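Engineer: Chains F and P, in that order, are what the protein sequence lines are.
Okay, so the first sequence: first residue is -2 according to our numbering, each after it adds one.
Okay, so the second sequence: first residue is 22 according to our numbering, each after it adds one.
Below, a list of computed lysine-lysine pairs in the BS3-like style, where the Cα atoms sit at most 27 Å apart:
{"id": "1", "chain 1": "P", "residue 1": "K295", "chain 2": "P", "residue 2": "K381"}
{"id": "2", "chain 1": "P", "residue 1": "K157", "chain 2": "F", "residue 2": "K90"}
{"id": "3", "chain 1": "P", "residue 1": "K157", "chain 2": "F", "residue 2": "K83"}
{"id": "4", "chain 1": "P", "residue 1": "K249", "chain 2": "P", "residue 2": "K381"}
Just so you have them, the derived chain P footprint on chain F, three or more residues with Cβ under 8 Å:
{"id": "5", "stretch": "36 to 43"}
{"id": "6", "stretch": "50 to 58"}
Honestly, the hints are just simulated from the structure, not real lab data.
These numbers were taken from a predicted model, which means no experiment stands behind them.
By construction, the Cβ of each residue, glycine as well, lies at the ideal position given by its N, Cα and C atoms.
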Amino acid sequence: MTATWSLACPRCGEARLGEIDLSGRGRIVAYTVQNVPGDEFLNEAPYAYVIVELEEGGRITGWMPTVRREEDLAIGDRVRFSTSYKPGVQFVKDVPGVE
Amino acid sequence: MRETWVVAAASNRYGKMKESGREAATRVAWEAIERSGLAPKDIGYTFVSNAFGVAERQAHVGPLINTSLGIPDVPSCTIESACSSSSAGLHEAFVHVAGGFADAALVVGVEKLSHLDTLASTSYFAMGADYAFETKNGATFPGLYATLADAYQHAFRTQPEMFGSIAIKNHANAALNPHAQFRKPISLDTYLNSPIIASPLRLYDCCPFSDGAAAVVVAAKEFVRTPKTEPLVIRASARSGSIGDMHDRPDLLGLPATRTAAEKAFRQAKMEPKDIDFLEVHDCFTIAEALALEDLGFYPRGSAARESLEGSTALHGRLPVNPSGGLKAKGHPVSATGAGQVVEIFEQFNGLAGARAVPKADTALAHNVGATGSSCSVHIFSRR
Ligand SMILES: CC(C)(COP(=O)(O)OP(=O)(O)OC[C@H]1O[C@@H](n2cnc3c(N)ncnc32)[C@H](O)[C@@H]1OP(=O)(O)O)[C@@H](O)C(=O)NCCC(=O)NCCS
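So that you can see chain P by itself, here it is in the shape it has in the complex (with noise of 0.2 Å):
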C-alpha cells in the first residue's frame, strides 16, 4: 500500500447556494485542484456523492463536473451513503491511489435543497432511513435521533443543559469559521426556549437544512514529492456498518458501526484516542456527538454530554471537538459533509483556521455517519 496524502480541501459558505449543486461542485473541486499544485489532468478518477441530486433532476453528475473541469475523459462515479457519502468516497479515493490504481483522485461531496421548503426536505431526508419498517410508521430523520435521546437520558438521568453545551460550543466555533451557515453564538436561554422538534429534541439540537460543497484532493506520496501545501497523511481510513433498523441493534446506547469502524482505523493506524489532537464528529443532533465521543471510545459511556457541560471538549479544552462548528452550526449539506470536515482539518494544519485555530494540530480524527449508524467512516490523519 502507497503511502497517500489528502493534498487539498477546499469548500463553499454553506447555508443557501444561488448556483446549481452542480456548478457548485465543480467550483470546490477546482479550488482544491488550484491548492494542492496538482493539474486537473492529474486527476485519475473523481468521486462525486449527491445523495438528493435528484431534488434538482439531476443524476449522473460527475462526468459533467469532469467536463467542467476539462477533463472529461477521467473515469468518475457516485458514491452514496446517506450523510457519510463523501466520506465514502474518501475512502474510494484511498483504495485507488493507495493500490496504486490512480496517483491523485479527486472526492467532491454536493447537495442543494434550499428550493424546498420543510415538509419536502423532512421527507426527503427520511428516505435514508428504512421506508418499510421505519418511516411509513411514522418516523423523521429527528424523530430516530430523538429516540436514540430519549433512551440516553433515560439510561444516564442526564439534563437538558448538558446537550445544550454541545450545541452551544458547536455555536461559538462556528461564529469563528466563514464556511459556516449561522456564524452567531447562542446563549443557554436561547437553546432552552426553542421550540421542540421530536421530544427531547429543540431546534437548536438539530443541525440545519443546508446547501452546500467540498471537495478533496488525494494523492500518492512518490507521485507528489514535493508538496505545496501542508499535507494530511492518511493513517487510517475505515469503514463499518451495522444493522439498517435502529430498534433491531442489541442496544439504544451508541452506534455499534462507530464502534468497529473506529477499531478498525486505530488499528490500521497504530494509534490510540490518547494520541489525537482535535476530532470532527458526525453531530447532526446533539445526541450523535456525545454518542460519537464515546462509541470512538475517548469518554465512558453515558459521561461525553457532562464532559461536554465541563468545557472538556471546547476550542480550548482538553479535547476540541468539532472546531468548524460541526453538522449543528458549520451546516450540513448530506453529501458534503464529510469532505468538509476533511476541509476543517486541512485549514488546521496549514494555519488557516484563523481565531478557531485549535492549541495543537498534528493529529486528527474525523467521524462521519449514514443515516442512524447503518454506515460509518472514521478516518485518521496526521503531520508527515
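Isolated chain F (complex conformation) (with noise of 0.2 Å):
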C-alpha cells in the first residue's frame, strides 16, 4: 500500500492496483522540528516535518505549521489532514471532538 505516485507496488511489484478513500487521519512515525528551511519554506520555520501511518494504512508526508519545538510533538500522537493549498499537505493534531 502506498501513497507516493507509482505503476507497480514498490514492495512486491504487483501492478494490478486498486484506489482508495483515506479519512486523513493517522498517527506519527517519526518527525523532526526543522530551523534550516529551503527556499519554498523560507519563512516558515521552524515548523514539522512528520511521517504519518494512515488509519487505512500507508504512509504519507506532511508538516505542520504548528509545531515548533520538538516537544511539541511525539510518535504516535494522532494527526489529521488539513489542507494541500500552499506550499504542500498539512496537518494538524487529531484532537477529538475538536473540528
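Each chain sits in its own coordinate frame; assemble them with the hints.
Structural biologist: Here it is as C-alpha cells:
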C-alpha cells in the first residue's frame, strides 16, 4: 500500500493497483522540527516535517506549521490532514471532539 | 573477469575552492594519473561525477576535463547517483576494466557550491529527495535523516552522547588529515551546545557544505604488470537500490540498499565483516554512521551508537571507522565523496596516512550512500 505516485507496488511489484479514499487521519511514525528551511519554506521555519501512518494503512509525509518545538509532538500522536493549499500537505493535531 | 586494481587516487583539501570545479577536477585527475605511473593516453574511459554542476552553469564537464588532460579523444560520461555519484563511477570503471572494455579508466568527482548561501545549498541538496512527495512537504536533507534519528532513538532509547561520540571521533581523525575541511577536535560540550538544525540533529551531527575534488585511476592487473604504488585489489564492487521514498520502506531503522549491497559485496569478495581491517562509511549525519555499521553487518541493530561511545570505532579501536574524518569532518563535496573515500584507503595502504594510520591496513571497505539510501555502493579492497 502506498500513497506515493506509482505504477506498481513499491514493495512487491504488483501492478494491479486499486484506489481508496483516505480519511486523512493517522499517527506520527517519525518527525523532526526543522530550523533551517529550503527556499519554498523560507518563512515557515521552525516547523515539523512528519511521516504519518494513515488509518487505512500506507504512509504519507507532510508538515505541521504549528509544531515549533520538538517537545510539542511525539511519535504515536494522532494527526489529521488540514490542507494542501501551500506549499504542501499540511497536518494538524487530531484532538478528539475538536474540528 | 580480469583482476582489477585501483593504482592511484588523489584529492585536494575539502572546504572552499577558489578555482572552478572543472579546474579542480582536472588537477586531481592529473595528480592521480601521475601517481599511478600510467600516462594520460592509457586512460580508456573517463567517468565524471558532478551532480550539482549546474550551480556553476556547467553540465557535460567530462570532455572539458579530458581535453585539459590532453586526451580529448577519450570518451567520457557523467555518472549521477546523488551523494554516491563517484562510487557509482568507480563501479562503472570496474565494469569496463574487469570486463575488458578498457585497460585503464579514470574516475573523477567534483563539487563546488561555496558561492551559494545556506538557503540555496539547502534547496539544491533537497533535490536528491522526492520533490513531489518529500521536499514539497517541507523536507530538507538534514530533516530526512533527522526522522531516521528520531525513529532510532525512540526504538533503542539512545542518549545524545552516543551520537556525539561519533562526531567527536570523526573530528579527531580529521584533525590528522591534511585533506580535511575541519582540522580541529571538538568536545562533548561543543557538540551538546551546538544549535539544533533538524531535531534531534545538532550542527555537529551534520556534515558541512563542502567544495572538493577527488580522482581514482583503475587498471587491469595484466595491463599494469609492475605497479608504481601499492595497488588496492578491487575484491568487490557492488551497488544496490531501495524504495526511493524513505517513508514507504518497511522500517526506518536502517537503509535496505546498504544491506543488499553489502550482501552482494561480501559474496563477491568471499569475505565476511570480520575480515575487514577498517572502513570508510557514509556518515553524512551521525545517525548514518550508526545505521551503516549495523546494515553492513558489523554490529547488531541498535548497538552501533553505543559501541562508538565505548571507543570501538576509534583510530586504535577494534574496528577503525572513518580514519579520514568521514563526511562529518573531512567534508562532503557530494560527487567527490565516493572517490575521496578511496583516496583515504589508498593513502592507508601506501603508508601515506601519517598520524592517522590505522594499526592494520590489509583490507578495507568503502560504503557510499545516494540520497536517503535509495542508492548505495559497497567496495571491498585488499592488498595484492
Ligand atoms: C548544518 C548546516 C545547515 C550549516 O549551514 P552553513 O551554511 O554551513 O552554516 P554557516 O555557514 O552559518 O556556518 C556557521 C559556522 O559553523 C561551521 N559549520 C558549518 N557546518 C558545520 C558542520 N556541519 N559541522 C561543524 N561545523 C560546521 C562553519 O564553519 C561556520 O564556522 P565559522 O563561523 O567559524 O566560520 C549545513 O552545513 C548543512 O545543511 N549540512 C548538511 C548538508 C547535507 O545535507 N548534505 C547532504 C547530505 S546526504
